[in-house]
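Protein chains in written order, with this note's numbering: chain A, 1 to 255; chain B, 1 to 255.
Since the hints were made in silico from the structure, they are not lab data.
Treat the hints with care, as some may be off.
One copy or two, it doesn't matter: identical chains are merged, so the pair holds either way.
In silico DSSO-like pairs for lysine-lysine, Cα to Cα no more than 27 Å straight-line [unchecked claim]:
#, residue 1, residue 2
1, 205, 172
2, 192, 52
3, 192, 150
4, 85, 52
5, 52, 2
6, 85, 150
2 protein chains.
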Amino acid sequence: MKNPPLIFVTNDDGIDAPGLLSLIETVRDMGEVVVLAPENGQSGMSHALTVKDVLRVHKVREEQGLTMYKCNGTPVDCLKIARHKILDRQPDICLSGINHGSNSSINVIYSGTVAAALEGAMYGIPSVAFSIHDFSMNADFASKAPLIRKIVSETLKNKLPQDVCLNVNIPKLPGDEIRGIRICRQAPAHWKDDYVEREDPFHRKYYWLTGYFECLDTAEDTDEWALKNGYVSIVPVQVDFTDYPTIDMLKNWVL
Amino acid sequence: MKNPPLIFVTNDDGIDAPGLLSLIETVRDMGEVVVLAPENGQSGMSHALTVKDVLRVHKVREEQGLTMYKCNGTPVDCLKIARHKILDRQPDICLSGINHGSNSSINVIYSGTVAAALEGAMYGIPSVAFSIHDFSMNADFASKAPLIRKIVSETLKNKLPQDVCLNVNIPKLPGDEIRGIRICRQAPAHWKDDYVEREDPFHRKYYWLTGYFECLDTAEDTDEWALKNGYVSIVPVQVDFTDYPTIDMLKNWVL
């Protein structure tokens, strides 16, 4: 009998996040699950990796078909060190999430959740990042299980190209009110940042990042449109950042 | 008389890095220079931003035409907070670097130097990241000044499209042995990682990331080829990570 699929799971909200635990329970009967997640929350860590400090890994749970580890690194560190020091073979799939908060549109650039999946793709592992458009610790993850299982199952069956992962975003709706799954492009958008300025008790200034998200593209093929209209969005994400149209423009510069 | 250009400078190696100081001296007579750089090294921080902690900014130097600040955040934080709390108008150009070590090929994904420039581009500022293929603190930056000035001058003159920055990598050669400047695409490549495993004095295991870089693409239009053959590479970098060819493939999945 063929071995069950080896399912690697990580996230950026940390080893205790309800979204991670829900993802584990959702896929647990689909294979052997190994988890290595950050010991602390790593939101907004993007594709950061630890180069000037050491990593430590601790086993935190071991049961039939499920082993969980935590580590002091970033989501990308978790993927890398798991592959080299924890997993004895290439996983059949890498899952990252479920992130508390969406990672649609330009948020992909700041997301540790998507970065871990993208690093998985760079290792040649079919990889999927899951995020839900709900920051609450009590977000309704459970009703999304059938949708997530469908995406995991199709990814296991079809694989993905080298260096391409899936960025899945789920709207804040009960599972049976979600209208379906749409394949999308990343919506162009910007954050309109601001900083709240305060004084600490020693009269020294400090700043908190704040702001709002602005997407002016209203086309129906973006992840933003899908989420706003009750669909799960799937954007395939890749690692070549070259802006090809600008190459021609630059050839006219005097360099 | 028109105001001199407002030149914003940051980096990821931190406020004391020779590469930053060299970049400042290189462009100082081209405009008014404002620097806001991380107080500590931030190598490998990618597009990370500080969301769960506060930022503090301190002025460290003020002279005719040059003001320098440091902050406790990432390179991307530096760009954002400078724009909102330090600069009273949109800079004419944002420069990031000079990074100690190249950021060619897939390294763009881990680079805080490029991330700061890309964040600048998202703010609509013509932005350029500079890196030199030499990790040494004593790297020869000075002989590269004419090349850097040419790129800065052309960027000031021609501007750049919204959401597109330039990723400039300079080979480890004396300035007068550099064969020229080439406009390139990002070379596809991978890191072949490994972790060195050690024991601390308390017999607890820890790991250091190590590994080597592998680029199998030998075409002459990549940044890797340019660097290896004695040219400065310029890759225009953008923020849409969508893998468009995979969108069609995914439409055949049963979702």
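Evaluated hints:
1. In the homo-oligomer, the alpha carbons of residue 205 and residue 172 never lie at most 27 Å apart, since the shortest distance is 37 Å inside one protomer and 42 Å across protomers.
2. In this assembly of identical chains, residue 192 and residue 52 lie within 27 Å of each other by CA distance solely across copies; the values are 18 Å between and 32 Å within a copy.
3. Within a single copy, residue 192 and residue 150 get their C-alpha atoms no closer than 36 Å, and across copies no closer than 32 Å, so neither meets the 27 Å cut-off.
4. Taking the shortest alpha-carbon separations for residue 85 and residue 52, only the intra-copy value of 19 Å comes in at or below 27 Å, while the best inter-copy value is 30 Å.
5. In this assembly of identical chains, residue 52 and residue 2 lie within 27 Å of each other by CA distance neither inside one copy nor across copies; the values are 41 Å within and 45 Å between.
6. In this homomeric assembly, residue 85 and residue 150 never come within 27 Å of each other (Cα to Cα): the closest approach is 30 Å inside a single copy and 47 Å across copies.
Against the hints set out earlier in the document, violations occur for numbers 1, 3, 5, 6.
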